[in-house]
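Residue numbers (our numbering), protein chains in the order written: chain A, 1 to 153; chain B, 1001 to 1552.
Don't read these hints as lab results, they were simulated from the structure. Careful: at least some of the hints might be erroneous.
Where chain A lies over chain B, by a calculated footprint (3+ residues, C-beta under 8 Å) [said to hold, decoys possible]:
1. 1001-1013
2. 1034-1041
3. 1238-1244
4. 1266-1280
Stretch-level coverage of chain A by chain B, calculated; a stretch enters the list once three of its residues show a Cβ under 8 Å from a Cβ in chain B [what the hints assert, rightly or not]:
5. 63-76
6. 104-114
7. 139-147
These figures come from a predicted structure and were not determined experimentally. All C-beta atoms in this analysis are idealised placements derived from N, C-alpha and C, irrespective of residue type, glycine included.
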Amino acid sequence: MPDVIKDGRVVADPWQGQNLLTPQELNASGALLGAAAADAAPVAVVLAPDQPPSTIEGDLNRLGLVAINFPVFTDGRCFSYARELRELGYTGEIRATGKFIRDQLFFLQRCGFTAFQFEDDANLEDCLPSLTDFSESYQAAADQPEPLFRRRD
Amino acid sequence: MYVYDQYDQRMIDERVNQYRDQTRRFLDGMISEDEFLPLRLHNGLYVQRLAPMLRIAIPYGMLSSRQLRKLAQISRDFDKGYAHFSTRQNLQLNWPELAEVPDILAELASVQMHAVQTSGSCIRNTTSDEYAGVAADELEDPRPWCELIRQWSTLHPEFAFLPRKFKIAVCGAEQDRAAIHTHDIGLELVPHPESGEIGFKVLVGGGLGRTPVIGSVICDWLEKKHLITYLEAILRVYNQLGRRDNKYTARIKILVKAMGVQAFRERVEAEWVRLKDGPSTLTEAEISRCQGFFTAPAYRHCDAAAVTAQLQAQAAGNKRFGNWLQRNTVDHRVAGYRIVNIALKATGYAPGDISDRHMEAVADLADTYSFGEVRTTHQQNLVLADVAQEDLYELWQKLDGLGLAIANLGYLTDIICCPGGDFCALANAKSIPVAEAIQSRFDDMDYVYDLGPLDLNISGCMNACGHHHIGHIGVLGVDKKGAEFYQVSLGGSQAKDASIGKILGPSFRREDMPDVIEKILATYVNLRTPEETFLDTYRRVGLDPYKERVYA
Ligand code: SF4
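Turn these sequences into a full structure, and let the hints guide you.
Structure (structure tokens):
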């Protein structure tokens, strides 16, 4: 079973085998379910970099997983998407998939990503230290609502 | 100047460790070239034509003498004993070893310096007015704001992978010495039209490079406490909508043009609503904490009339000193003081280059004469900002002894020039030899002074690191079927009435450049009225007379 990094640990993928909907599919299924949507099991969706969180805004409360897929690791839109999802109040798992790299983990996690699904899951334990490259940051972000200047002593 | 506390120091130390580990993994083959590229760029390391180049951040141009000595030591221990001040107030080492860069960064961290985000598609070092805090025409010191921006932008988790590089400049004076019109974001401290309260005018989408654009005003007046949230909103819009498919259309200026300023502003405002008044809103306490690092030093009281009389006598008695005093020193806000410019533009040296010995000598002079501080300028010179008038003659003698008293600040031979084809892998043509040839041709200082203020800027390619578009005379290296040619433009300006130069016509061979410049200058001298500067005359008569003469 493939492993992922979730909440700072290497674990078996809890969403293994789950079908990831596109925003269009998600919207369509929501319309189909109507009022029943609220009681249905949480669903999983995947965003590509031209699909901002606004495309799924109405369905956030029935999502358990939002995967954001990196077509290349330098596509910085994904970072903003995660932050916006958190600002919209989404509290479920945000997972990086695709071509992101280990050396981005610290920033990704600051932006609100809580899970990381590498294309190659061979050496995940080795990647964990990158989550804690820094023990302090200047900016407010998803992991720290207050900027440093409100916390300095 | 700003002094790190435990938090600042810890982050910079951790950055060194992070990059040390990344370098090790790269050298062990565990990180690919492609993946390592942005990691090293974010730590200032380019791979150049001949060797790597390391760009060290000098936040808004401020250096302590201790830091300058450290830079001297680094350039001696890790490089060839000299370094290059860039047009963005930074310092570049041309020959560091990739494997030794972590050690260099550790040395820098020991004096509260770094190379974070000096390259790559991220928010770069914020630049400012080299006369900040001492200029006679200043409304408010921009440096505390630069420091706040430095902290906000340093290791910003959301904006490390922007479509393209992103540069912010701040100015707080009558005269714009920070070229805010040609930055991705330009900030100007301005009074509110009614209340008089000082806030920020915000410009966006200025830039040089392949498509030079003057920035557009996106906000006429922004209350200071909203600075960070507003910047965050702009960056977020750019990060999401900026083009990523083609690096030539990826800068924010292209996005602003494509959307139109009004639509761009609306997007920013929509984003800002969510951030405004949130936790990143600046507090009074934080603003005054940062301002507290930029207070006036203990200026000496003096008999201004007596000192001025003495200075006049010294200038009259020594013409070279008189020239230097007139050209290279500037009015200071405080009576009895002057701002001193050290021009790094001696003929025979690449503009902006400085040796380790000279760095140490300047550090000593800063300790003796200017409260231990030095500034770098985007004209690639150095500034001692607080020199008592009564010390000027002595300081000049020492600078002269070092060969650092060239009295050409703001004149033709004070050329701004990028490293060009001698060092830079991106170059179309060499730029340093062109600067040298022009400096050698115009070695008659009386003629140079007679020409009046003149900005001559040279870039070795479209990337415009020499800011050629905003030179009164701009020179751009171009490639014509594999040969190096030079395109000349006239009428650029980096002042508040900023303008982009217009291309004169077909490009020239390198050996013809001194002649071309000579003809342009002769045309100006012929046409000018007694009061007119080069730029004034150009703006009155246009390109044609110059064209006729040069291509005759
Ligand atoms: S302008 Fe071009 S040649 Fe000059 S330093 Fe920049 S990239 Fe290199």
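Going down the list of hints, with the structure as the test:
1. Under the rule that three or more residues need a Cβ within less than 8 Å of chain A, the assignment of the stretch 1001-1013 of chain B holds, with 4 such residues.
2. For the stretch 1034-1041 of chain B, the assignment as covered by chain A holds, since 3 residues bring a beta-carbon within under 8 Å of that chain's beta-carbons and 3 suffice.
3. Counting residues of the stretch 1238-1244 of chain B whose C-beta sits closer than 8 Å to any C-beta of chain A gives 3, which meets the bar of three, so the coverage hint holds.
4. With 4 residues having a Cβ less than 8 Å from any Cβ of chain A, the stretch 1266-1280 of chain B passes the three-residue criterion, so the hint holds.
5. Only residues whose C-beta sits within less than 8 Å of a C-beta in chain B count toward coverage, and the stretch 63-76 of chain A has 4 of them, enough to reach three; the restraint holds.
6. With a cut-off of 8 Å between beta carbons, the stretch 104-114 of chain A has 6 residues touching chain B; three or more are needed, and the interface restraint holds.
7. A count of 6 residues in the stretch 139-147 of chain A with a Cβ less than 8 Å from any Cβ of chain B is obtained; the coverage claim is therefore met, three being the minimum.
Going through the hint list in order, the structure satisfies each hint without exception.
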